[in-house]
Amino acid sequence: MNHKLPVMLAVAAAAALLSGAASAQELIVKIGHVGPTSGAVAHLGKDNELGARMAIDELNAKGVTIGGKKAKFELLAEDDAGDPKQGTAAAQKLVDSKANGVIGHLNSGTSIPASKVYSDAGIPQISPSATNPKFTRNGYKTTFRVVADDVHLGGTLGKYAVTQLKGKNIAVIDDRTAYGQGVADEFEKGVKASGGKVVGREFTNDKATDFTAILTSLKAKKPDVVFFGGMDAVAGPMLRQMKQLGISAKFMGGDGVCTGELPKLSAGTMGDEQVVCAEAGGVEGESKKSLDEFKVRFKQKYNVDVQIYAPYVYDAVNLMVAAMVKAGSAEPAKYLPALAKTEGYKGVTGTIAFDSKGDIKNGALTLYTFKGGKREAIGVVR
Numbered sequence: 007m008n009h010k011l012p013v014m015l016a017v018a019a020a021a022a023l024l025s026g027a028a029s030a031q032e033l034i035v036k037i038g039h040v041g042p043t044s045g046a047v048a049h050l051g052k053d054n055e056l057g058a059r060m061a062i063d064e065l066n067a068k069g070v071t072i073g074g075k076k077a078k079f080e081l082l083a084e085d086d087a088g089d090p091k092q093g094t095a096a097a098q099k100l101v102d103s104k105a106n107g108v109i110g111h112l113n114s115g116t117s118i119p120a121s122k123v124y125s126d127a128g129i130p131q132i133s134p135s136a137t138n139p140k141f142t143r144n145g146y147k148t149t150f151r152v153v154a155d156d157v158h159l160g161g162t163l164g165k166y167a168v169t170q171l172k173g174k175n176i177a178v179i180d181d182r183t184a185y186g187q188g189v190a191d192e193f194e195k196g197v198k199a200s201g202g203k204v205v206g207r208e209f210t211n212d213k214a215t216d217f218t219a220i221l222t223s224l225k226a227k228k229p230d231v232v233f234f235g236g237m238d239a240v241a242g243p244m245l246r247q248m249k250q251l252g253i254s255a256k257f258m259g260g261d262g263v264c265t266g267e268l269p270k271l272s273a274g275t276m277g278d279e280q281v282v283c284a285e286a287g288g289v290e291g292e293s294k295k296s297l298d299e300f301k302v303r304f305k306q307k308y309n310v311d312v313q314i315y316a317p318y319v320y321d322a323v324n325l326m327v328a329a330m331v332k333a334g335s336a337e338p339a340k341y342l343p344a345l346a347k348t349e350g351y352k353g354v355t356g357t358i359a360f361d362s363k364g365d366i367k368n369g370a371l372t373l374y375t376f377k378g379g380k381r382e383a384i385g386v387v388r
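Residues 7 to 388 in my numbering are what the sequence shown spells out, letter by letter.
Because the hints were derived from the structure by calculation, they are not lab data.
Check the hints yourself; a few may be wrong.
In the PhoX-like style, the derived pairs of lysine-lysine whose C-alpha atoms are separated by at most 20 Å in a straight line are [as the list claims (entries may be wrong)]:
| hint | residue 1 | residue 2 |
| --- | --- | --- |
| 1 | Lys172 | Lys198 |
| 2 | Lys104 | Lys147 |
| 3 | Lys367 | Lys140 |
| 4 | Lys305 | Lys52 |
| 5 | Lys140 | Lys91 |
| 6 | Lys147 | Lys122 |
| 7 | Lys198 | Lys174 |
All values derive from a computational prediction rather than experimental measurement.
Between the sequences and the hints, there should be enough to build the whole structure, so can you do that?
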């Protein structure tokens, strides 16, 4: 009889036990990401997804321990094509896959209906880019965002119109959509809170091309600033008609008009620095250095430039995992309280803290103008 056999068997059994213990000590953490990776804004959805992948790859390379177990992170990527129906279907799929948390969606129109699905399942959701105020106004404990909302955007632009542009007579027009009217209302509040005067409020619709009647009515009130709540497709023709009517006022708007397409849509009628608009997000000072470094690493890894929101997705993933580490658990119910208490988290997009609704505190905005038909950043405001 081979006397070494029992010893070998015993060693093999012990090794099996140890490897079993080691794998029992590994914790699989599934992080969902949803964005439009097909459709008209697929370039933005893919940008977001790459931000999530980068965070996951780095976390796995680093070796993160949650509650004494080594965590292995998996990305569950879904496409919602920017469509609300597809958005809720993607959300349900992630719930069924037992995702530990979700980053997304990109658009407000998909993030809002999906937020109910995650809330019902008790799964935390952080949107990197949805700006409609309603997203965090439904009382769901699972809903967070890492960018400023349209209330902040409209109010900040209103203040800027009075304090920086020195607007004395300010006119407001909106396109009657939830976005356009909402951002115009907040702008008007911001003007009044800063001691400014709104001399006229008019409205159009999001398909209109002729604004002669409302602009003629406003011209009589001699506005020095005209704010439009709506999208670039309407703002362009409006700028053309302002020029025809001899209205030389500054023209302001939110992210809907703040696009590279606006000079083309206005058929070259807008003057240098005539338009001032804003987008959610933006960094300055020390934070600018970490964001610039992130952009270089992103380009090296994927050989494409950051579009807009990839860094916000990257921060959202890392922030969610930091809450899991703090709570010592990746179970949604256990780390959700730690996530809600996020305060002073240093991300590549700046310092992140959440208020009681799940909105970012002191969120930044970037103001832009146009010179020579090109968009230029004026600066970051909070």
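Going down the list of hints, with the structure as the test:
no. : hint            : result
1   : Lys172 - Lys198 : holds (13 Å)
2   : Lys104 - Lys147 : holds (18 Å)
3   : Lys367 - Lys140 : holds (16 Å)
4   : Lys305 - Lys52  : holds (14 Å)
5   : Lys140 - Lys91  : holds (18 Å)
6   : Lys147 - Lys122 : holds (10 Å)
7   : Lys198 - Lys174 : holds (11 Å)
The structure meets every hint from the earlier list without exception.
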